[in-house]
Amino acid sequence: MEPWYWLNDNSRAFLARGYLAEGQTAEERIRVIAEAAEKHLGREGFADKFVDYMSKGWISLASPVWSNFGISKGLPISCFGSYVDDNMGSILHTNAEVGMMSKYGGGCSGYFGELRPRGAAIGNDNGYSSGAVHFMQLFETLVVVVSQGSVRRGHFSPYLPVEHADIMEFLDIGTEGNPIQKLTHGVTVGDEWMQSMIDGDEAKRKIWARIIQRRGEMGYPYIMFSDNANNNTVDVYKDKKLRIHASNMCSEIMLPSKDDWSFVCCLSSINLLHYDAWKDTDLVETMTAFLDAVMEEFIVKLEALRDHEDHEKRRAFGFMERAYNFAKANRALGLGVLGYHSLLQSKSLAFESDEAAALNEEVFKLIQEKSDAESVRLGAELGEPEVLKGYGRRNTTKLSIAPTTSSAFILGQVSQGIEPIWSNCYVKDVAKLKVTIKNPTLEKLLEEKGKNDKATWDSIRDHDGSVQHLDCLSDDEKAVFRTFAEIDQSAIIDQAAVRQKYIDQAQSLNIMIMPETPVKDINSLYIDAWKKGVKTLYYQHSANAAQAMVRKKLIEQEEKGNK
Numbered sequence: 001m002e003p004w005y006w007l008n009d010n011s012r013a014f015l016a017r018g019y020l021a022e023g024q025t026a027e028e029r030i031r032v033i034a035e036a037a038e039k040h041l042g043r044e045g046f047a048d049k050f051v052d053y054m055s056k057g058w059i060s061l062a063s064p065v066w067s068n069f070g071i072s073k074g075l076p077i078s079c080f081g082s083y084v085d086d087n088m089g090s091i092l093h094t095n096a097e098v099g100m101m102s103k104y105g106g107g108c109s110g111y112f113g114e115l116r117p118r119g120a121a122i123g124n125d126n127g128y129s130s131g132a133v134h135f136m137q138l139f140e141t142l143v144v145v146v147s148q149g150s151v152r153r154g155h156f157s158p159y160l161p162v163e164h165a166d167i168m169e170f171l172d173i174g175t176e177g178n179p180i181q182k183l184t185h186g187v188t189v190g191d192e193w194m195q196s197m198i199d200g201d202e203a204k205r206k207i208w209a210r211i212i213q214r215r216g217e218m219g220y221p222y223i224m225f226s227d228n229a230n231n232n233t234v235d236v237y238k239d240k241k242l243r244i245h246a247s248n249m250c251s252e253i254m255l256p257s258k259d260d261w262s263f264v265c266c267l268s269s270i271n272l273l274h275y276d277a278w279k280d281t282d283l284v285e286t287m288t289a290f291l292d293a294v295m296e297e298f299i300v301k302l303e304a305l306r307d308h309e310d311h312e313k314r315r316a317f318g319f320m321e322r323a324y325n326f327a328k329a330n331r332a333l334g335l336g337v338l339g340y341h342s343l344l345q346s347k348s349l350a351f352e353s354d355e356a357a358a359l360n361e362e363v364f365k366l367i368q369e370k371s372d373a374e375s376v377r378l379g380a381e382l383g384e385p386e387v388l389k390g391y392g393r394r395n396t397t398k399l400s401i402a403p404t405t406s407s408a409f410i411l412g413q414v415s416q417g418i419e420p421i422w423s424n425c426y427v428k429d430v431a432k433l434k435v436t437i438k439n440p441t442l443e444k445l446l447e448e449k450g451k452n453d454k455a456t457w458d459s460i461r462d463h464d465g466s467v468q469h470l471d472c473l474s475d476d477e478k479a480v481f482r483t484f485a486e487i488d489q490s491a492i493i494d495q496a497a498v499r500q501k502y503i504d505q506a507q508s509l510n511i512m513i514m515p516e517t518p519v520k521d522i523n524s525l526y527i528d529a530w531k532k533g534v535k536t537l538y539y540q541h542s543a544n545a546a547q548a549m550v551r552k553k554l555i556e557q558e559e560k561g562n563k
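Read in order, the letters of the sequence shown correspond to residues 1 to 563 in the working numbering.
Just so you know, these hints were derived from the structure itself, not from any lab.
Misleading hints may appear alongside valid ones.
Distance condition first, Cα-Cα at most 25 Å in a straight line; then the derived DSS-like pairs of lysine-lysine [what the hints assert, rightly or not]:
{"hint": "1", "residue 1": "K279", "residue 2": "K347"}
{"hint": "2", "residue 1": "K258", "residue 2": "K365"}
{"hint": "3", "residue 1": "K347", "residue 2": "K478"}
{"hint": "4", "residue 1": "K238", "residue 2": "K365"}
{"hint": "5", "residue 1": "K532", "residue 2": "K204"}
{"hint": "6", "residue 1": "K365", "residue 2": "K532"}
{"hint": "7", "residue 1": "K365", "residue 2": "K347"}
{"hint": "8", "residue 1": "K478", "residue 2": "K451"}
{"hint": "9", "residue 1": "K365", "residue 2": "K531"}
{"hint": "10", "residue 1": "K328", "residue 2": "K73"}
{"hint": "11", "residue 1": "K347", "residue 2": "K438"}
{"hint": "12", "residue 1": "K241", "residue 2": "K531"}
{"hint": "13", "residue 1": "K182", "residue 2": "K428"}
Each pair of labels, with its calculated beta carbon distance range [to be verified]:
{"hint": "14", "residue 1": "A165", "residue 2": "T517", "range": "30 to 40 Å"}
{"hint": "15", "residue 1": "N231", "residue 2": "D453", "range": "52 to 62 Å"}
{"hint": "16", "residue 1": "V435", "residue 2": "Y128", "range": "48 to 58 Å"}
{"hint": "17", "residue 1": "A165", "residue 2": "D476", "range": "45 to 55 Å"}
{"hint": "18", "residue 1": "K428", "residue 2": "D125", "range": "55 to 65 Å"}
{"hint": "19", "residue 1": "K428", "residue 2": "E516", "range": "23 to 33 Å"}
{"hint": "20", "residue 1": "G177", "residue 2": "R43", "range": "52 to 62 Å"}
{"hint": "21", "residue 1": "A121", "residue 2": "L366", "range": "52 to 62 Å"}
Every value quoted in this text rests on a predicted model; they were computed, and no experiment measured them.
Don't be surprised by glycine CBs; every beta carbon is placed ideally from N, CA and C.
When you get a sec, could you build the whole thing from the sequences and use the hints?
Below, the structure is given as structure tokens:
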């Protein structure tokens, strides 16, 4: 392919919406980013190699990296998660912290499991608690207020354990008439609770049924299987009993938080569409080092706030101090992927095929091995952070799979993350213009068959992006180009479970459930995911009208974060 092939008119128009300075080209911005990384790493020639890999379409940068890395403004990371303790000081400080994170473009989450439930006594004579959900309203108001002064909306996702006494109230967030409408929430579920529910505990089954109901209606709550997360985390977190309480707003981050730590994770992705071209190169190592450079700049920029002569700057650091503490001590990275389904289609592999399952494992095993080795090298070159003293590496974690909603579009309109393609033909708003996007792999196949014409594409569009009605395609070809809704969802869970063995954090794992699907089948799918070691279930898509509005909210949320 030609260098910079992916920078087509649609990609350039999208980048011009706020990722680039006025008058700046994407190529110029990438050179600035590459040279900043080389400076942080102290590796001569790194910038030229990075630019070369970018030109080939192998690398996808997270939004805050595009916007803020290598320049004086802003922060190059925008993925945060806070811990809320059971006292008013912690609640109010976390609220201010989330406000400051949102000001810097962050997408935030918070763990509320320590808060006493509604009606619980406060001290001996101080009355009764209003409960965890009541205090979440502060964060709802904050998101709305901060949004009024921002180019992009702030976002916050509260998490609550399923064992918490306020769980049923929590599950009503977002329903009609509820005071909380802007927050997307997640529930954490432990092994003991799950097994008791399966064994027949009626109270737990009622809660579980409500979770299934709400996900069908709204797409969430997200589900985090907390013991899967903590039993299958990195060695240092197990050794030091650093518990992962909650995930982030897109459910791919698995990092500990506590009263003096708000987790921070540095994201970007590699393009699996070109897996064969880069698998024998040092791309994974290059991206691991690059993300460590991004983390370094995040830390340095916060230290500049801390040490600034301006009182307002120092005050801002006070609300970012827990994030700074975590970043400095952990240097957690989250290298992800996009273009997984594009890769399968480029090889004419159906998503549900045995060949796809084998390739899935091959890809993520290789990424794990290479990223692990590079973190060891970085530790030797640049030192181990506080938490990892004696562990011989630079970063507590290396991998997580984000949704990549914006990034996949920028990178030549490849498939998002690990998710199946929604539609082979769709319309997207780009720079105030409505643009028809066609699956490029399908377009190439139709060209070979002499069917790459308006009538064929109109037919695909009129069938919601499906090709199952096209007589010009064989059954095998139709299987390759099945859309998200046409793919067996158990295959998505099975592949996620296999790749999870090689991912030290988690994956934004969406599923598509048709409205007519029996509840018992949905229940079986969730339980299967838990039993097979999946850490989180992100968003549950459906074809009902109510979810169309929620999907718009989801896209805004992902574009607010790192994706």
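Evaluated hints:
{"no.": "1", "hint": "K279 x K347", "result": "15 Å, holds"}
{"no.": "2", "hint": "K258 x K365", "result": "31 Å, violated"}
{"no.": "3", "hint": "K347 x K478", "result": "14 Å, holds"}
{"no.": "4", "hint": "K238 x K365", "result": "22 Å, holds"}
{"no.": "5", "hint": "K532 x K204", "result": "21 Å, holds"}
{"no.": "6", "hint": "K365 x K532", "result": "18 Å, holds"}
{"no.": "7", "hint": "K365 x K347", "result": "19 Å, holds"}
{"no.": "8", "hint": "K478 x K451", "result": "15 Å, holds"}
{"no.": "9", "hint": "K365 x K531", "result": "21 Å, holds"}
{"no.": "10", "hint": "K328 x K73", "result": "20 Å, holds"}
{"no.": "11", "hint": "K347 x K438", "result": "18 Å, holds"}
{"no.": "12", "hint": "K241 x K531", "result": "23 Å, holds"}
{"no.": "13", "hint": "K182 x K428", "result": "24 Å, holds"}
{"no.": "14", "hint": "A165 x T517: 30 to 40 Å", "result": "31 Å, holds"}
{"no.": "15", "hint": "N231 x D453: 52 to 62 Å", "result": "54 Å, holds"}
{"no.": "16", "hint": "V435 x Y128: 48 to 58 Å", "result": "55 Å, holds"}
{"no.": "17", "hint": "A165 x D476: 45 to 55 Å", "result": "53 Å, holds"}
{"no.": "18", "hint": "K428 x D125: 55 to 65 Å", "result": "59 Å, holds"}
{"no.": "19", "hint": "K428 x E516: 23 to 33 Å", "result": "28 Å, holds"}
{"no.": "20", "hint": "G177 x R43: 52 to 62 Å", "result": "57 Å, holds"}
{"no.": "21", "hint": "A121 x L366: 52 to 62 Å", "result": "55 Å, holds"}
In this structure, only the earlier hint numbered 2 is contradicted, and the remaining ones agree with it.
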